[in-house]
Amino acid sequence: MLTEFGKALIFLIIGAIFVALGLVGAWVFRPHRPYPEKNATYECGEEPVGSAWIRLNVRFYVTALIFLIFDVEVAFLFPWALVYRQFGLMGFLEMAVFLIILIVGYAYVWVKGDLNWDKPKPQIPVFDRTIVTAGRMRSVSTILDDDDVNEGVE
Amino acid sequence: MGLLDQRFENGNVFITSLDGLLNWARLSSLWQMQFGLACCAIEMMAASASNFDIMRFGVIPRATPRQVDVMFVAGTVTIKMASRIKRLYDQMSEPRYVISMGSCANCGGPYWEHGYHVLKGVDRVIPVDVYIPGCPPRPEALLEGIMKLQEKVRKESMIRKRA
Numbered sequence: 001m002l003t004e005f006g007k008a009l010i011f012l013i014i015g016a017i018f019v020a021l022g023l024v025g026a027w028v029f030r031p032h033r034p035y036p037e038k039n040a041t042y043e044c045g046e047e048p049v050g051s052a053w054i055r056l057n058v059r060f061y062v063t064a065l066i067f068l069i070f071d072v073e074v075a076f077l078f079p080w081a082l083v084y085r086q087f088g089l090m091g092f093l094e095m096a097v098f099l100i101i102l103i104v105g106y107a108y109v110w111v112k113g114d115l116n117w118d119k120p121k122p123q124i125p126v127f128d129r130t131i132v133t134a135g136r137m138r139s140v141s142t143i144l145d146d147d148d149v150n151e152g153v154e
Numbered sequence: 001m002g003l004l005d006q007r008f009e010n011g012n013v014f015i016t017s018l019d020g021l022l023n024w025a026r027l028s029s030l031w032q033m034q035f036g037l038a039c040c041a042i043e044m045m046a047a048s049a050s051n052f053d054i055m056r057f058g059v060i061p062r063a064t065p066r067q068v069d070v071m072f073v074a075g076t077v078t079i080k081m082a083s084r085i086k087r088l089y090d091q092m093s094e095p096r097y098v099i100s101m102g103s104c105a106n107c108g109g110p111y112w113e114h115g116y117h118v119l120k121g122v123d124r125v126i127p128v129d130v131y132i133p134g135c136p137p138r139p140e141a142l143l144e145g146i147m148k149l150q151e152k153v154r155k156e157s158m159i160r161k162r163a
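So the protein lines, in turn, are chains E and F. At position 32 of the first sequence the residue is numbered 32 (the working numbering), and the sequence of numbers has no breaks. At position 145 of the second sequence the residue is numbered 145 (the working numbering), and the sequence of numbers has no breaks.
Please note that a few of the clues may not be correct.
[Stated by the list, open to error] Covered by chain E, per the in silico footprint, the following chain F stretches (three or more residues, Cβ under 8 Å):
(1) 78-89
(2) 142-148
[Stated by the list, open to error] Not close to chain E: a few residues of chain F, all C-beta gaps over 10 Å, as computed:
(3) 8
(4) 9
(5) 13
(6) 14
(7) 15
(8) 20
(9) 24
(10) 31
(11) 41
(12) 60
(13) 93
(14) 113
(15) 114
(16) 124
[As the list claims (entries may be wrong)] Here are the computed lysine-lysine pairs in the DSSO-like style, where the Cα-Cα straight-line distance is at most 27 Å:
(17) 120/F - 38/E
(18) 38/E - 161/F
(19) 86/F - 148/F
(20) 112/E - 80/F
(21) 80/F - 38/E
(22) 148/F - 161/F
(23) 38/E - 86/F
(24) 86/F - 152/F
(25) 120/F - 86/F
(26) 120/F - 152/F
(27) 86/F - 121/E
(28) 80/F - 120/F
(29) 120/F - 148/F
In short, the hints are calculated from the structure, not lab data. Quick reminder that beta carbons are idealized off the backbone N, C-alpha and C, glycines included.
Based on the sequences and whatever the hints tell you, model everything.
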């Protein structure tokens with residue numbers, strides 16, 4: 001007689017047979033005529049740009065670590081909330097300790113400045129504000145004050 | 001190479017019946033490239049909807065050329081789009097078919113004379129199996145085109161040697 005796991009084993013075996021049948025069947029029936037255009041990466045018909053293996057900014061590393069910690073915290077909170085009434089005060093205190101430890105870590109990360117997104121300072125281009133008109137140099141402010149320019153603008 | 005692909009000569013009972021089985025399987029599941037170019041695509045969508053129900057012929061829209069058997073060129077092929085269509089056709093897995101739907105894809109249609117930006121027929125860049133006339137063709141015409149393509153697939157042989 002089959003045990004409970006025996007049924008799962010039968011499912012495993014049938015699954016493995018299905019995968020093997022698919023692979024072997026494809027190998028038996030398929031045409032295999034590759035050429036560079038056919039093997040090109042599919043980018044919605046556009047010319048493929050670069051490789052899919054690009055480098056990500058290393059600053060995402062800290063953000064991802066912090067996210068992971070609080071993600072797991074939330075994952076723990078849901079089952080705890082389901083059985084909260086059965087545990088009573090003790091359950092509340094235990095989760096409070098857990099949360100406080102994480103919040104202290106959060107404050108530490110915040111104070112250390114790991115949540116700041118360091119950007120290079122923007123380089124504001126500097127222009128020479130004087131422009132040449134009719135052979136003489138005038139600054140922009142004089143032009144704006146000039147009555148000739150402002151004529152007709154009331 | 002595949003094991004059976006274009007390996008055998010004519011006249012073998014086993015080969016003929018295996019070809020029949022393979023062709024039946026292929027013509028019953030002609031998966032479709034999911035894209036449309038112009039107003040013919042509206043008729044193609046109508047053919048996919050419940051009134052005409054293209055899926056009873058086994059035509060399922062797929063979003064990648066790797067899983068696709070047939071490409072409906074539904075609409076006006078601009079010259080800019082022609083290179084994309086060629087690339088998409090190249091990326092489809094074999095055996096692959098093309099249904100040219102509507103006058104624009106067949107021959108340029110109303111843009112034949114003055115359409116400076118329109119390709120005069122998609123068969124100038126990719127081989128076409130079935131042409132469906134109309135501007136745009138009714139969904140029934142698209143269904144008939146699919147049945148014509150099924151007839152073509154039924155007569156083909158995948159495992160015979162080609163000349």
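Here is how each hint holds up against the structure:
1. Interface restraint, the stretch 78-89 of chain F with chain E: holds (4 residues with C-beta to C-beta distance below 8 Å; minimum three).
2. Chain E is given as covering the stretch 142-148 of chain F, and this is violated because 0 residues of the stretch bring a CB closer than 8 Å to a CB of that chain, at least three being needed.
3. Look at residue 8/F: its CB is around 13 Å from the nearest CB on chain E, clear of 10 Å, so calling it non-interface holds up.
4. Against chain E, the non-interface label of residue 9/F holds: every CB pair exceeds 10 Å, the least being about 18 Å.
5. Its beta-carbon lying about 19 Å from the closest one in chain E, residue 13/F satisfies the requirement of being farther than 10 Å from that chain.
6. Even its closest Cβ contact with chain E, about 14 Å, leaves residue 14/F beyond 10 Å, as expected for a residue assigned away from the interface.
7. A cut-off of 10 Å between C-beta atoms confirms that residue 15/F is not in contact with chain E; the least separation is 13 Å.
8. At roughly 13 Å from the closest C-beta of chain E, the C-beta of residue 20/F stays outside 10 Å, upholding its exclusion from the interface.
9. Residue 24/F, annotated as away from the interface, keeps every beta carbon of chain E farther than 10 Å; the closest lies near 13 Å.
10. Separation of residue 31/F from chain E is adequate, the least Cβ-Cβ distance of about 15 Å exceeding the 10 Å criterion.
11. At roughly 15 Å, the least C-beta separation between residue 41/F and chain E is larger than 10 Å, which holds for a residue marked as non-interface.
12. Every beta carbon of chain E lies more than 10 Å from that of residue 60/F, the smallest distance being close to 18 Å; the non-interface claim holds.
13. The non-interface label for residue 93/F is inconsistent with chain E: the shortest C-beta to C-beta separation is roughly 8 Å, within 10 Å.
14. Annotated as non-interface, residue 113/F keeps its C-beta farther than 10 Å from every C-beta of chain E; the closest such distance is 28 Å.
15. Listed as outside the interface, residue 114/F is consistent with that label: its C-beta sits roughly 27 Å from the nearest C-beta of chain E, beyond the 10 Å cut-off.
16. Once the 10 Å rule is applied to beta carbons, residue 124/F is consistent with being away from chain E; the minimum gap is 17 Å.
17. For the hint pairing residue 120/F with residue 38/E, the CA-to-CA distance comes to about 25 Å; that is within 27 Å, so the pair holds.
18. For the proposed pair residue 38/E and residue 161/F, the alpha carbon gap of about 22 Å is at most 27 Å, so the pair holds.
19. With a C-alpha separation of about 23 Å, the suggested pair residue 86/F and residue 148/F falls inside the 27 Å cut-off, and the hint holds.
20. A C-alpha spacing of about 53 Å is found between residue 112/E and residue 80/F, which places the hinted pair above 27 Å, so the restraint is violated.
21. With a C-alpha separation of about 20 Å, the suggested pairing of residue 80/F with residue 38/E holds against the 27 Å cut-off.
22. With a CA separation close to 24 Å, the supplied pair residue 148/F and residue 161/F stays within the 27 Å bound.
23. For the hint linking residue 38/E to residue 86/F, the alpha-carbon distance of about 11 Å falls within 27 Å, and the restraint holds.
24. About 22 Å separates the Cα atoms of residue 86/F and residue 152/F, which keeps this hinted pair within 27 Å; it holds.
25. Proposed proximity of residue 120/F and residue 86/F is supported: the alpha carbons are some 15 Å apart, at most 27 Å.
26. Between residue 120/F and residue 152/F, the direct Cα distance comes to roughly 25 Å. Compliance with the 27 Å bound is thereby established for this hinted pair.
27. Distance check on the hinted pair: residue 86/F and residue 121/E sit about 46 Å apart at the alpha-carbon level, beyond 27 Å; violated.
28. Note on residue 80/F and residue 120/F: the hinted pairing holds, with a Cα-Cα distance of about 13 Å set against a maximum of 27 Å.
29. With a CA separation close to 23 Å, the supplied pair residue 120/F and residue 148/F stays within the 27 Å bound.
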